[in-house]
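> Sequences listed follow chains B and H, in order.
All residue numbers for the first sequence refer to the numbering used here, where the first residue is 6 and numbers rise by one.
All residue numbers for the second sequence refer to the numbering used here, where the first residue is 256 and numbers rise by one.
Treat the hints with caution; some may be incorrect.
If the Cβ cut is set under 8 Å, some of the chain B residues that face chain H in the computed set are [stated by the list, open to error]:
{"hint": "1", "residue": "Arg29"}
{"hint": "2", "residue": "Gly85"}
{"hint": "3", "residue": "Arg115"}
Derived Cβ-Cβ restraints for the label pairs, each shown as a range [said to hold, decoys possible]:
{"hint": "4", "chain 1": "B", "residue 1": "Thr104", "chain 2": "H", "residue 2": "Ser677", "range": "29 to 39 Å"}
{"hint": "5", "chain 1": "H", "residue 1": "Gln675", "chain 2": "B", "residue 2": "Met86", "range": "36 to 46 Å"}
{"hint": "6", "chain 1": "H", "residue 1": "Gln675", "chain 2": "B", "residue 2": "Glu56", "range": "24 to 34 Å"}
{"hint": "7", "chain 1": "H", "residue 1": "Ala615", "chain 2": "B", "residue 2": "Thr104", "range": "19 to 29 Å"}
{"hint": "8", "chain 1": "B", "residue 1": "Glu56", "chain 2": "H", "residue 2": "Asp375", "range": "23 to 33 Å"}
{"hint": "9", "chain 1": "B", "residue 1": "Ala125", "chain 2": "H", "residue 2": "Leu285", "range": "21 to 31 Å"}
{"hint": "10", "chain 1": "H", "residue 1": "Asp403", "chain 2": "B", "residue 2": "Asp57", "range": "56 to 66 Å"}
{"hint": "11", "chain 1": "B", "residue 1": "Ala125", "chain 2": "H", "residue 2": "Arg454", "range": "52 to 62 Å"}
{"hint": "12", "chain 1": "H", "residue 1": "Arg741", "chain 2": "B", "residue 2": "Asp33", "range": "19 to 29 Å"}
{"hint": "13", "chain 1": "H", "residue 1": "Glu630", "chain 2": "B", "residue 2": "Gln55", "range": "39 to 49 Å"}
If you're looking for bench data, these hints aren't it; they were derived computationally from the structure.
The beta-carbon is built from N, C-alpha and C at its ideal position, and this holds for glycine as well.
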Amino acid sequence: MDRVRFLMVADSRGHTAGYYAVSRALRDAGVEVVLGGFLPPAGIIEVAAQEDVDFIGYRIMDREPVSVVAPLMELLRENGMEHIRVIVGGIVPPSRTKTICDLGVEKIFRPGSRLEDIAAFVKGEAVVLPSEPAREDLGMPVRLGI
Amino acid sequence: MQNATSRDNLTGAVEWYENLVGTPVGQSRLTTYGAPLKPLYTPLDVPGFDYLANLGLPGAFPFTRGSTPTGYRGKEWTRRQVIGVGTAEETNERLRYLFAQGQTGFSVCGMGYAPYESSDPRAAGVLGRGGVWLDTLADMQTLLEGVDMASVTINQIGASLPVFAMILAEAERRGVPWAQLHGTIQNVVAPGGEGPAHRGNHALDVIEFCTRELPHWNHTSISARNIRDQGVSSVQEVAFAIFMGLYTARAACSRGLPIEAIAPRITFFFSAENELLEEVAKFRAARRIWARAMRDLGATSSRSQVMRFHVQTSALSLTMQQPLNNIIRGTVHALAAVLGGAQSLSVNSFDEVLAIPTEAAATLSLRTQQIIADETDVAAVNDPLGGAYAIEALTSQIEALALEEIARLEALPDRRAFEQISADANMAGYRRQLQVDRGERRVVGVNEHVLPEEVEEQVGLSASDVFEYDPAWREKQVARLETTKRERDPVAAEAAKVRLAGAYRARENLVEPVIAAVKAYLSIGEITSLLASLQGWDELKNRHCFYTNEFY
């Protein structure tokens, strides 16, 4: 099975129901999930590089999304990490959808999205890694922050 | 309850009924804790029911029927909407508006959020969006302008020590004695600190200080609500709350505080979910468990045994789709809280799934409370659902299961038990979302009765007006912080830092040194980074439980 490496991060602590639900669903779908927790854009870049991920999932709740997504995308470019694909989830006002997508975010998963659909998107379109043997259930994904 | 013959007759009748209607397994609705909800409850579901032992009268042990004898006729629940928008100025404006509309309490969201200043790059995009931003005492003065601190009850969301200190410093400046203040700090003791007295555990510092100086301040508010909002069951919510309440009570006793002195000011913070019957039973079960647990801990006065709680309605059950539907959900949640005997209530606004509520949405939330209080009859009778077979059976079931869960947690080492609560909470949302995705949990507008967004808008079921973030708030706040720092007495500020550092190193109670620090106009960021520099940030949080929760 080909494994996608996915970094899950959030714009704040707390309100983590969706953050953990999506992380767990991706893991169950065979995605390698790293929980980055609450990180500012520079911190996300650092962890993404260390963990060599294919995807960043950014949970937005408390912040004006453009204010954190724009610097993240810029830092990815500056650091030559454009190959990392970014999806955003959570509270993104409809009025910001276009701006966020124009920044290079591939997809916004707002409340009401199905876990299966998120997993299919991540697995179907990510750059895949060589196969790894199936692993036993180790509980929740790796926990770095939050 | 009845003699043998009539019980046999009843058993026969119920058997006849169950054969008639049938309840194929899998078709019955489940409670949030997974037990099937029966289609009919009879006296057979409350075997050995002893009215006085299980229920008693309102305001009397075990307080199942309510915290006070007179219920809402004696004292209405506090209308305590959560407010927090922009800087102190915008929040004060919203606060005064809602007070004019009949709000009776005060709950400010975002107080002392972040351990850094507004000028820090990390503040970009968040300042004013997730709640009000505060840097220094000057902001608290603005926030409380026009608020009569002697008469209003103030609820601090989170337990930031600098923010608590600012409230007290501002009262002092206005000449309101601390002993006259009424309010609550969302404080709970977690494992941490040194020696048997947990020295350096700042949650305990708060309890110790309040017990001495603030007789009307609820020094503890166990926030089970935010755990529930991650998707755990009603049983888990009750069990986690009472486990943490008992942990807090025992820890306070370890500081030499008598149980009767601290117990009356331990309060709780619960959610109210869609399952109305289950929720009402939950509140009743929680009161009963707490009363018995406090009695077993040696508390003999009613004031120590009675559980009092605030409810903030569920956010997890609200939907972004057809957001106006959330008004109806909020009303059901609020009804559950009132039927369950809450002392204080905040109804989430329908548009909170999208942003901070608009003024109109916030008003509707307050009106929901007022209509329930003034136009319906539910507040006129104490515990009006008490005695219903279904409610009593559910109350006893939740009580029994919660007691089992509490026993499981208490068998674990302290830290492990708290980690277990987090782990359970973190998994709960996943299970709930799977139920929604599979259609096992029906959600109007999400997995049934779905409308395309255009149609939603066309028929007027969308939120036409969503609160917009204003980046100018940050510039304003940064300028304000600069002015405050320029105008403060640098010698006093330096002296306050030295005093705080000394108190921290000596593991003294930190409340007074922090009050002195905020009075010298040190910012929340300066205070917390000073302490972090002495100890290291993680150590500060884990070992000494310093509360500076970044965003809730």
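> Closer than 8 Å between Cβ atoms is the bar; does B:Gly85 clear it against chain H? Give me holds or violated.
Cβ of B:Gly85 sits 22 Å from chain H, so the hint is violated.
> How does the Cβ-Cβ distance of B:Glu56 and H:Asp375 compare with 23 to 33 Å: does it lie in that range?
26 Å, holds
> Is the hinted range of 52 to 62 Å satisfied by the C-beta distance from B:Ala125 to H:Arg454?
53 Å, holds
> Between B:Ala125 and H:Leu285, does the C-beta distance stay in 21 to 31 Å?
28 Å, holds
> Taking the CB of B:Thr104 and the CB of H:Ser677, does the distance hold inside 29 to 39 Å?
35 Å, holds
> Does the hinted range 24 to 34 Å hold for H:Gln675 and B:Glu56 at CB?
Given a distance of about 27 Å, which is inside 24 to 34 Å, the answer is holds.
> Using the beta carbons of H:Ala615 and B:Thr104, state whether their distance is inside 19 to 29 Å or not.
Holds: the Cβ-Cβ distance is about 26 Å, inside 19 to 29 Å.
> Less than 8 Å between beta-carbons is the criterion; does B:Arg29 satisfy it with respect to chain H?
At about 4 Å, which falls below the 8 Å cut-off, the nearest Cβ of chain H leaves the hint on B:Arg29 intact, so it holds.
> With 36 to 46 Å as the target window, see if H:Gln675 and B:Met86 comply at their CB atoms.
Given about 37 Å between the Cβ atoms, the range holds.
> Hint validation: B:Arg115 versus chain H, beta carbon distance must be below 8 Å. Holds or violated?
6 Å, holds
> Can you let me know if the beta-carbon spacing of H:Glu630 and B:Gln55 is within 39 to 49 Å?
59 Å, violated
> Taking the beta carbons of H:Arg741 and B:Asp33, is their distance inside 19 to 29 Å?
55 Å, violated
The structure fails to meet hints 2, 12 and 13 from the earlier list, while all remaining hints are met.
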